[in-house]
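Asker: Here is how the chains run, residue by residue.
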Amino acid sequence: DVKVTQSSRYLVKRTGEKVFLECVQDMDHENMFWYRQDPGLGLRLIYFSYDVKMKEKGDIPEGYSVSREKKERFSLILESASTNQTSMYLCASSSRDRRGYTFGSGTRLTVV
Amino acid sequence: AQSVTQLDSHVSVSEGTPVLLRCNYSSSYSPSLFWYVQHPNKGLQLLLKYTSAATLVKGINGFEAEFKKSETSFHLTKPSAHMSDAAEYFCVVSSQGGKLIFGQGTELSVKP
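Those protein sequences? They're chains A and B, same order as listed.
Residue 52 in this note's numbering sits at position 52 of the first sequence; the count goes up by one each step and never skips.
So the mapping is simple: this note's numbering equals the position in the second sequence, first residue as 1, plus 1000.
To be clear, the hints were calculated from the coordinates, so they are not data collected in a lab.
Just to be clear, a hint being listed does not mean it is correct.
[Claimed, not checked] Sample of chain A residues with no beta-carbon within 12 Å of chain B, all distances over it, derived: (1) T15; (2) E17; (3) D26; (4) D28; (5) L45; (6) S65; (7) S67; (8) E69; (9) S75; (10) I77; (11) E79; (12) S80; (13) G100.
[Claimed, not checked] Heads up, simulated BS3-like pairs for lysine-lysine below, C-alpha to C-alpha not over 25 Å straight-line: (14) A:K57 / B:K1099; (15) B:K1099 / A:K55; (16) B:K1058 / B:K1068.
[Stated by the list, open to error] Derived Cβ-Cβ restraints for the label pairs, each shown as a range: (17) B:L1046 / A:E56: 19 to 29 Å; (18) A:K3 / B:S1084: 19 to 29 Å; (19) A:V52 / B:N1061: 32 to 42 Å; (20) B:K1111 / A:E22: 34 to 44 Å; (21) B:E1066 / A:F20: 41 to 51 Å; (22) B:S1003 / A:G63: 20 to 30 Å; (23) B:S1028 / A:M27: 24 to 34 Å.
Values in this document were obtained by computation on a predicted structure and should not be read as measured data.
Built from N, CA and C at the ideal position, the CB exists for glycine as well.
Generate coordinates for the entire structure from the input sequences, incorporating the hints supplied.
Answerer: See the structure below:
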């Protein structure tokens, strides 16, 4: 069963901490994405990557960075966590032809 | 640029009655369109997708959607609601670059 795995289901971090959210896919997909989900706003794209070491900003990249050192792994980094980054974070991947997208189960991050 | 608007933030129906979730899109080219469902504390599940083949698309669990280019709409319907259909539904358009752009979501409630 193909899947996208997010390392943590729930996380609680303190303001100012550096936070790493990890995402691993086993489908050999070229494309990977990070979204945040907030009530009434749907999912908004933070960053995406078309290939190893490639990254592009999405719609709301401020306060975030990403790393893609290996094809299967795409990490989202909060350099200095703030309370307004409390949210549900969803990782997704797709093949280059974009025929199918697979989402992880999400990480609910609370910044206190 | 592509965008998608879900016209209702919340829809409430009685069990056994029809479901209509409305979605309008904006795209400068022929888009790929999707409907995803998210049950409480679950990940996103693909219901159906339109990729320029038949305009009436059938999905899982009895859902279907009709692509109407003249109206720039992609409404989701089901003839008879079931209690298990209660969830949040997202209309999604795929950009030329392969990014998924989400609507704000529609929460469907089903009353017994």
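Asker: Work down the list of hints and note, for each, if the structure agrees.
Answerer: Hints versus structure:
1. T15: The claim holds: A:T15 sits with its nearest Cβ about 26 Å from chain B, beyond 12 Å.
2. E17: holds (25 Å)
3. D26: holds (15 Å)
4. D28: Holds, because the least Cβ-Cβ distance between A:D28 and chain B comes to about 16 Å, which exceeds 12 Å.
5. L45: Non-interface label on A:L45 violated, nearest chain B Cβ at 6 Å vs cutoff 12 Å.
6. S65: Per Cβ check, A:S65 is outside 12 Å of chain B; nearest 18 Å; holds.
7. S67: holds (19 Å)
8. E69: The claim holds: A:E69 sits with its nearest Cβ about 21 Å from chain B, beyond 12 Å.
9. S75: holds (19 Å)
10. I77: The claim stands: A:I77 keeps its Cβ more than 12 Å from every Cβ of chain B (closest is about 20 Å).
11. E79: holds (23 Å)
12. S80: holds (26 Å)
13. G100: Since the minimum Cβ distance to chain B is about 8 Å, A:G100 lies within 12 Å and the statement is violated.
14. A:K57 / B:K1099: It holds: about 11 Å lies between the C-alpha atoms, which stays within 25 Å.
15. B:K1099 / A:K55: Given that 25 Å is the threshold and the Cα spacing comes to 13 Å, the pair holds.
16. B:K1058 / B:K1068: holds (15 Å)
17. B:L1046 / A:E56: 19 to 29 Å: Between B:L1046 and A:E56, where Cβ atoms are some 24 Å apart, the hint holds.
18. A:K3 / B:S1084: 19 to 29 Å: At 23 Å between Cβs, range holds.
19. A:V52 / B:N1061: 32 to 42 Å: holds (37 Å)
20. B:K1111 / A:E22: 34 to 44 Å: holds (40 Å)
21. B:E1066 / A:F20: 41 to 51 Å: Hint holds: Cβ distance 43 Å, inside 41 to 51 Å.
22. B:S1003 / A:G63: 20 to 30 Å: Holds: the Cβ-Cβ distance is about 24 Å, inside 20 to 30 Å.
23. B:S1028 / A:M27: 24 to 34 Å: holds (30 Å)
The earlier numbered hints that this structure contradicts are 5, 13.
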